[in-house]
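S.K.: Here are the chains, one letter per residue:
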Amino acid sequence: MPELVATGSLLVVLLGGVFAGPRNEALVSGLAALGTLAAFAAAAGMLAAGFSGTFFGGGYAVDGFALYFKLIITATAFFTVIAASRWAGRTGDAPEYMTLVIAVALGGMLLVSMRDLFGVFLAVELATIPSYAMVAFDRRRRESAEGGMKYLITGVIASSFLLYGIVLIYGVSGSANLSRVAEAFGESLSPVAIVGLVLMLSGFAFKVSAAPFHFWTPDAYQGAPTSAAAFLSVAPKAAIFAVLLRILLDGMPQAAPTWTALMAVIAIVTMFVGNLLALRQSNVRRMLAYSSVAHSGYILAAFAALQGEAVPAGVQAVMIYSAAYAVMNLGAFLTIDLVGEEAKSFNGLFATRPALAVAMAVFMAALVGIPPLSGFFGKAWVIYAGVGSGSVLVYAAVASLVVNSVLSVPYYFGIIRNMFQEEPVSEGGPGKGDGGVAFTVYAMAVLTTLFFLGVGPLAALASGSGLL
Amino acid sequence: MITTATIFIPLLGAILVLLLRGDERLVRYAALGVAAVPLLLALYIYLAFGDNLDAPALSQELVWIESLNIGYRVGLDGIGFGMFFLSALLALIAVVASWDIRENLGFYFALLFLAEVGMLGVFASRDLVLFYVFFEITLIPMYLMVGMWGDENRRAAAIKFFIYTFLGSTAMLAGFLALGVLSGTFSIPELGEEAGGLSRAAQIAIAVPVLFGLLIKVPAVPLHGWLLDVYVSSPISTNVVLSGVLPKLGTFGILKIAIPLLPEGVEPFLPYLAVLGVVNVIYGAFVAFLQPDLKALVAYSSIGTLGFILLGAASVNAVGYNGAVFQQVAHGLYSALLFLLVGIIAARTGTRRISELGGLAARMPWAGGLLALGALAAMGLPGLAVFVSEFMSIMGGYTAYPVQGVLAALGIILSAMYMLYMLARVIFGPLREPAYERVGDAGAVEMAAVVPLAALLLVLGFFPALLISVQRPAVEAVLAAIGGS
Numbered sequence: 001m002p003e004l005v006a007t008g009s010l011l012v013v014l015l016g017g018v019f020a021g022p023r024n025e026a027l028v029s030g031l032a033a034l035g036t037l038a039a040f041a042a043a044a045g046m047l048a049a050g051f052s053g054t055f056f057g058g059g060y061a062v063d064g065f066a067l068y069f070k071l072i073i074t075a076t077a078f079f080t081v082i083a084a085s086r087w088a089g090r091t092g093d094a095p096e097y098m099t100l101v102i103a104v105a106l107g108g109m110l111l112v113s114m115r116d117l118f119g120v121f122l123a124v125e126l127a128t129i130p131s132y133a134m135v136a137f138d139r140r141r142r143e144s145a146e147g148g149m150k151y152l153i154t155g156v157i158a159s160s161f162l163l164y165g166i167v168l169i170y171g172v173s174g175s176a177n178l179s180r181v182a183e184a185f186g187e188s189l190s191p192v193a194i195v196g197l198v199l200m201l202s203g204f205a206f207k208v209s210a211a212p213f214h215f216w217t218p219d220a221y222q223g224a225p226t227s228a229a230a231f232l233s234v235a236p237k238a239a240i241f242a243v244l245l246r247i248l249l250d251g252m253p254q255a256a257p258t259w260t261a262l263m264a265v266i267a268i269v270t271m272f273v274g275n276l277l278a279l280r281q282s283n284v285r286r287m288l289a290y291s292s293v294a295h296s297g298y299i300l301a302a303f304a305a306l307q308g309e310a311v312p313a314g315v316q317a318v319m320i321y322s323a324a325y326a327v328m329n330l331g332a333f334l335t336i337d338l339v340g341e342e343a344k345s346f347n348g349l350f351a352t353r354p355a356l357a358v359a360m361a362v363f364m365a366a367l368v369g370i371p372p373l374s375g376f377f378g379k380a381w382v383i384y385a386g387v388g389s390g391s392v393l394v395y396a397a398v399a400s401l402v403v404n405s406v407l408s409v410p411y412y413f414g415i416i417r418n419m420f421q422e423e424p425v426s427e428g429g430p431g432k433g434d435g436g437v438a439f440t441v442y443a444m445a446v447l448t449t450l451f452f453l454g455v456g457p458l459a460a461l462a463s464g465s466g467l468l
Numbered sequence: 469m470i471t472t473a474t475i476f477i478p479l480l481g482a483i484l485v486l487l488l489r490g491d492e493r494l495v496r497y498a499a500l501g502v503a504a505v506p507l508l509l510a511l512y513i514y515l516a517f518g519d520n521l522d523a524p525a526l527s528q529e530l531v532w533i534e535s536l537n538i539g540y541r542v543g544l545d546g547i548g549f550g551m552f553f554l555s556a557l558l559a560l561i562a563v564v565a566s567w568d569i570r571e572n573l574g575f576y577f578a579l580l581f582l583a584e585v586g587m588l589g590v591f592a593s594r595d596l597v598l599f600y601v602f603f604e605i606t607l608i609p610m611y612l613m614v615g616m617w618g619d620e621n622r623r624a625a626a627i628k629f630f631i632y633t634f635l636g637s638t639a640m641l642a643g644f645l646a647l648g649v650l651s652g653t654f655s656i657p658e659l660g661e662e663a664g665g666l667s668r669a670a671q672i673a674i675a676v677p678v679l680f681g682l683l684i685k686v687p688a689v690p691l692h693g694w695l696l697d698v699y700v701s702s703p704i705s706t707n708v709v710l711s712g713v714l715p716k717l718g719t720f721g722i723l724k725i726a727i728p729l730l731p732e733g734v735e736p737f738l739p740y741l742a743v744l745g746v747v748n749v750i751y752g753a754f755v756a757f758l759q760p761d762l763k764a765l766v767a768y769s770s771i772g773t774l775g776f777i778l779l780g781a782a783s784v785n786a787v788g789y790n791g792a793v794f795q796q797v798a799h800g801l802y803s804a805l806l807f808l809l810v811g812i813i814a815a816r817t818g819t820r821r822i823s824e825l826g827g828l829a830a831r832m833p834w835a836g837g838l839l840a841l842g843a844l845a846a847m848g849l850p851g852l853a854v855f856v857s858e859f860m861s862i863m864g865g866y867t868a869y870p871v872q873g874v875l876a877a878l879g880i881i882l883s884a885m886y887m888l889y890m891l892a893r894v895i896f897g898p899l900r901e902p903a904y905e906r907v908g909d910a911g912a913v914e915m916a917a918v919v920p921l922a923a924l925l926l927v928l929g930f931f932p933a934l935l936i937s938v939q940r941p942a943v944e945a946v947l948a949a950i951g952g953s
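First to last, the sequence lines map onto chains A and B.
Using the numbering used here, the letters of the first sequence correspond one by one to residues 1 to 468.
Using the numbering used here, the letters of the second sequence correspond one by one to residues 469 to 953.
You can take every hint at face value.
Some chain B residues near chain A, calculated using beta-carbon distances under 10 Å:
(1) 534
(2) 572
(3) 603
(4) 605
It should be emphasised that the hints constitute simulated quantities derived from the structure, not laboratory data.
Each residue gets a CB set at the ideal place from its N, CA and C atoms; glycine is no exception.
This is chain A alone, in the form it adopts within the complex (with noise of 0.2 Å):
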């Protein structure tokens, strides 16, 4: 089990920190690293045994849709913990940070797992609180602290919402299990479920920065640690978008009508929203921290092409744009990191690091969507959702979809202006990064570029998944 794994790796950190003192930052991150591996190669394992199954009286299921997001999560986990280390390391909280890292990433891999609304309620808070923590982390830099007081106070309303929305849901349905609430979800919604449905959908809409609550995002993005920024902006939003899929396919199918044409609606509000507030920034990581809002808009249109035949490719679409996003927004916010956060220090970088360079220009162009670099499938995959949807309000989620690659275009391709076409600000441009950064930021712009050969096999998987 997977879980069992991290949750072991969890107390090994944690241990460690205690024990091994502050000489030994770079064994705690190792140990965090091989933790995460560990927890990767687990849930591997199961996917490749083909493993399924329900524990708890249905409550928690290992299925192959869980497994999928737990590779995910695992995986960027691991990612971030090596390009955490050196950091992490000289400020010596490296234990600290690893803990969280691992906590947020053990929330996750219960949340995808969970049938049963309540234990949804507490994954999500086992995701989210230590990431508060993430997010405020950085002591010496104030943005820290008040990007993280302003996620801890959004995100305590969020958990309110979500909190209220499925005790409203308990109570029509008398149980918090998919299976039961399905039961009780008939052919037509009492008002007070559908109350609960949309306060629940709004608790979810902060969690994953969907307008019109996404005002969290740039400040939290911003005051956090790169790092932090870019692990939370992709395993724990995975994660959600996997629960959520659960609960809205398990457990209320027959409302599917409302919640898609609530759904067509947030993604095409969250798509303009995103896209239109990225275009005015010129500090890059509030324009990935827009731009992360967008995605989300783009990742609910599928949500909204959830109806008739077009199921399964939408749950595909989530599938594969999750994995696609983990690797091009990673590698995007890492670059941060190496570079500087102002739209200028990307200036001449191309003549300086040529390739970090071109590492970035990958992660801009996929995020715009070119092929076949990895947003591309994500995007295609929402499209083909889409249109196999056959229903007005989904066409119009897919046509500001288009609108939107197009609108995204200028701050993308500004950044790779200022790479290839700018004058380098200073002489000396951007110092060598520290190794883990440059490793991961490297190996996602070679994932994002070949991610073309595995979206075969990831689509094989995505469709063979539990929820199919």
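Knowing the structure of chain A, use the given hints to seat chain B on it.
M.R.: Chain B alone, transformed into the frame defined by chain A:
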């Protein structure tokens, strides 16, 4: 295998030139060597297979995304082969024409080769998604080639180019995905066999975004807003591929995908496509006439002659369709030739303003003579390749749409007017500037780039059967499948 090898050898070349950093001479010769390989392979394919380009040896199929029936499917046929060959040729010529680029030479060649992968790939794709992937692979290299090595307006031009074509191609992708989803396959031959299997309404709904995307790429007036800035700002060697190959990604899509796979969906738009073709011809000619800049003049003349492809395609009869396919190659030859010569003249005289040039024929007989040849080609003079294809396009177009056909023929007269006017101003008459006394003729390297193009214009002008024999079976197959004449 041989098709795949031809497509991906430039990719290896891109890596090679990046690894060979430092020694500029070595990079140049390596690039030259690499660029020659796809051309030789294409030549071999032509000689070995002749009009049997559908041969199984030339196609390959690998599973890519099994659940959606998307595959790596490549193969050649007569509709794509001309451009396949021309892409390889123009990439080699672009390498030669980059002889004077100093800055970041290795990276420039790497981008050029990457773009070549995309171009070769498009013309050999037999899968809609693969077609789209190759279609888009050209974007970033082109963006960077214009944006890094172009003139002072390059940044705005590059991003404009990118946004326009990306908008079009994303819409096109949505259409492709809808087509694939509804038909259960993305294989172009399979889709072609059951051409029109979808309902008419569905086909029309799909044809709209697909045609929109392809027409932006052509570019068809009024979707041509990106073109002038990009053409004028580009370095000359980028122009060679930009004008020679890139628009044909759009026209090829129309000839090979939109019309054959969505016959009923495209049908209601065909008359308008013919109108668009005529508008291109006439608008291009008029606006070219008004350009003070020699390069802009060539750019607009290029828009004009692309119109004949649209007209020929819209005719959906054997003569017109063959003309359209042939015109793709003919247009590539003459526009690349003219851009190269503009570059040579501008490098010698330091200006591209037509009013500042004059009497160059006396000082540079070779370049001037070839410029005259290119201009005559653009007018569609008999004996040159463009004549054959424009004549066929007009014939085919006239059969289907008499009014449009006549108007397009009128366009030829207009193009003759502005081209002769241009020639009179640039190479004839007295020397405008005393400084031009010292201007020398095109050098050996420059001649190496332009002479093959001029030669091919003549060869295909006198022996059009060299190409038409290859493309005719494929065109007939398309027309038979969709029930055209």
